[in-house]
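K.L.:
Given the structure of chain A, go ahead and fit chain B onto it with the hints provided.
Residues per chain, in single letters:
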Amino acid sequence: MPPSATPPRRDAADSTAVAITLTVNGREHRLEVEPWTTLLDLLRERLGLTGTKKGCDHGQCGACTVLADGVRINACLALAVTRDGAAVTTIEGVAAADGTLHPLQAAFIAHDALQCGYCTPGQICSALGLLTEGHARDADDIRELMSGNICRCGAYQNIVAAVLDVARTERAETAA
Amino acid sequence: MNRFTYVRPVTVADAVAAKAGAPAGRFIAGGTNLVDLMKSDVERPPRLIDIGRVPGMDAVTALPDGGLRIGALVTNARVAYDRQIAAAYPLLAEAILAGASAQLRNAATTGGNLLQRTRCHYFYDPSMPCNKRTRGAGCAAIGGVTRMHAILGASEHCIATHPSDMCVALAALEAVVQVSGPHGARAIPMAEFHRLPGDRPDLDTTLGADEMVTSVDLPAARFTTHTAYMKLRDRASYAFAIVSVAAALRLRDGRIEEARLALGGVAQKPWRRPEAEEALRGRAPDEATFDRAADILLDGARGQGDNDFKIGLARAVLLRALAQAAAGGSDAQGGHARA
Chain A
1 MPPSATPPRR DAADSTAVAI TLTVNGREHR LEVEPWTTLL DLLRERLGLT GTKKGCDHGQ
61 CGACTVLADG VRINACLALA VTRDGAAVTT IEGVAAADGT LHPLQAAFIA HDALQCGYCT
121 PGQICSALGL LTEGHARDAD DIRELMSGNI CRCGAYQNIV AAVLDVARTE RAETAA
Chain B
1 MNRFTYVRPV TVADAVAAKA GAPAGRFIAG GTNLVDLMKS DVERPPRLID IGRVPGMDAV
61 TALPDGGLRI GALVTNARVA YDRQIAAAYP LLAEAILAGA SAQLRNAATT GGNLLQRTRC
121 HYFYDPSMPC NKRTRGAGCA AIGGVTRMHA ILGASEHCIA THPSDMCVAL AALEAVVQVS
181 GPHGARAIPM AEFHRLPGDR PDLDTTLGAD EMVTSVDLPA ARFTTHTAYM KLRDRASYAF
241 AIVSVAAALR LRDGRIEEAR LALGGVAQKP WRRPEAEEAL RGRAPDEATF DRAADILLDG
301 ARGQGDNDFK IGLARAVLLR ALAQAAAGGS DAQGGHARA
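Quick note, the sequences are listed as chains A and B, same order.
Residue 1 is where the first sequence starts when you use UniProt numbering, and the numbers rise one by one after that.
Residue 1 is where the second sequence starts when you use UniProt numbering, and the numbers rise one by one after that.
Next comes chain A alone, as it looks inside the complex (with noise of 0.2 Å):
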C-alpha cells in the first residue's frame, strides 16, 4: 500500500496546548498555553511581567499574590487554562497609567513597610483585595486576614500601619 498522502494524525500528547484569553493590566492577550502552565509562570516567563514573585511556589508565602476579576488569589496555585477569560491586576497594573502611585504603594514607602522588598508586590496586591473585602476594620482584622502573606524580613508593623491608613482613609472618604 504506498503512503497515505494525509499527514499523521497528532497524537494527544501533541495537541494539549489550550488556547485561552487573558486581560491583564488592562491589556487582552490571546495565548496558547500548556495546560500544567501555572498563572504564576504565565506571567513571569510569558508576558515578562516579574513584578509578581514566585516565592514558596506551594501557596504559603503569598509573595505570587494578584488580583484575578478583582479577588486576591495565589497565582502558583491557579493553572493558566482555568482562569481563561479572566481579567488580571499585578504590582505593573496598580499604580495610574501616568506613573503616580496607589495609595497603598506611597502608603507603602511613607511607612517604611518593607525592607528587602520581595515580598511586597504580593502584600500590596493582597492588600488592595483586602480593601475591596471590606471586612478589616482594625489592626486585628489586618493581621488576620494578611496572614497569607509572609514577610521574612518581619516588617509586618510596618506593613499593618500602612494597610490600616489606606483603609481608615477609604473609610473616611465612604462616609463624608
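One or more hints might be untrue.
The calculated lysine to aspartate or glutamate pairs, modelled on EDC-like cross-linking and capped at a C-alpha distance of 20 Å, are [claimed, not checked]:
1. B/Lys39 <-> A/Glu92
2. A/Lys54 <-> A/Glu92
3. B/Lys39 <-> A/Asp57
4. A/Lys54 <-> B/Asp14
5. B/Lys39 <-> A/Asp41
6. B/Lys39 <-> B/Asp125
7. A/Lys54 <-> A/Asp41
8. B/Lys39 <-> A/Glu34
Source of the hints: derived by calculation from the structure; they are not laboratory data.
Since the model is a prediction, treat every value here as computed from it, not as a measurement.
P.N.:
Structure of chain B alone, referenced to chain A:
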C-alpha cells in the same frame, strides 16, 4: 508537574462522562490543593477535568425544608461571608475563617475543601513510603515525627488526619453531601462521607471514583445562638489545627436540649460520637456535664508519642468550647466571622 490533558465539560453529565472516560483523571476547580499535590508529584493525573464553569453549582440557595444548599463551586470565602450562612450557621462561617488564608479561601471551593487530602508530611514526600499514596507501601509516619497525627480512629496502616476546618463544622451541623455519578445522584450524610483508614487508607471518602460532588446541603438551622468553633494551632493564623472543636448547643430553661460536637485535627475524619451528645441532653451546662461528654468523645484515644499531648489538649479545648457555646457563642460575634 506531570504532563496531562485538559478538558472543560459544560454540564454535570459531561463532567461525569469525562471522568468515566479517564478514571485516573481528576476534577479540578479552585486547584489550591490538587495543584500543590501535583507540584510535589503526589498526584500525577493523566487528565484534568475542569468543572469550574459547570453551571448550577455556584450559588447558595434556599431549600424547601428551610435549609440551605451550597453549590460545590461556591468558594470558601463566599460561604463564610454569605449573609444567610453568617446569620443561621455562624459555626460554619467561623470554622471556614479559621482555616487557610484569604487568598486560598477566595479560590478554594466547597467541594474541593471536602476532598482535600491530608497534610501528613510523609504523604507529601514521595521518597517516603505511604499507604495513602501507594496501597501497601507501608507508613513512614508510624514511628516517625507524629506531632500532627491522629489520636482517634487510626489504624496500623495510617495515622493521618483530615485537615479541614469547614468539614468539622459541617459534621456538627449534620450536612449532607450531594453527589452525581453515571447511575444518577445520591446523598451522603457528612458522618458517612469521610472514612477512617482501616486497611484502605488510600480511600479518603466513600465517594465513588466515578462520582462528583455537586452541593452540600445544610438542614434547617437549629444551632445559631450557642455555638463555638475553637482551633488550636502552632501560630495565631494560617496553620492547620493541632486540635479543633465545633460545639453547638440548644438551651432551654437552663438545660441542654440538644447538642452536637465534632473534633478536628485528631482523626482521618471529623470526630463525632452521638453518645457524647446524648450525654449532654437534658443536663445543666456545667463542667461536670461537659467532662462526661469529653470522656465519651475521647474514649479510646491513643497517642503516637509526639502527639500524646493532644489527648489532654483535646479535652481542654472541648471544655472551653462548650463553656463558650453555653455562654452564648464565641468570638464569632465580634471576630472575623462578621460579614
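K.L.:
Between A/Lys54 and A/Asp41, is the straight-line Cα distance small enough, at 20 Å or below?
P.N.:
Holds, at about 9 Å.
K.L.:
Assess, step by step, whether the Cα of B/Lys39 is no farther than 20 Å from the Cα of A/Glu92, and give holds or violated.
P.N.:
Violated, at roughly 27 Å.
K.L.:
What's the verdict on B/Lys39 and A/Asp41, does the C-alpha distance respect the 20 Å limit or exceed it?
P.N.:
13 Å, holds
K.L.:
If you draw a straight line from the CA of B/Lys39 to the CA of B/Asp125, is it 20 Å or shorter?
P.N.:
Holds, at about 11 Å.
K.L.:
Against the 20 Å threshold, does the CA-CA distance of A/Lys54 and A/Glu92 hold or violate the hint?
P.N.:
This hinted pair holds, its Cα atoms lying about 15 Å apart.
K.L.:
Quickly compare the C-alpha distance for B/Lys39 and A/Glu34 to 20 Å and report which way the hint goes.
P.N.:
Holds: B/Lys39 and A/Glu34 sit about 15 Å apart, inside 20 Å.
K.L.:
Hint check: B/Lys39 vs A/Asp57, CA-CA at most 20 Å. Holds or violated?
P.N.:
9 Å, holds
K.L.:
Is the straight-line distance between the alpha-carbon of A/Lys54 and that of B/Asp14 20 Å or less?
P.N.:
35 Å, violated
Checked against the numbered hints listed earlier, the structure breaks hints 1, 4; every other hint is satisfied.
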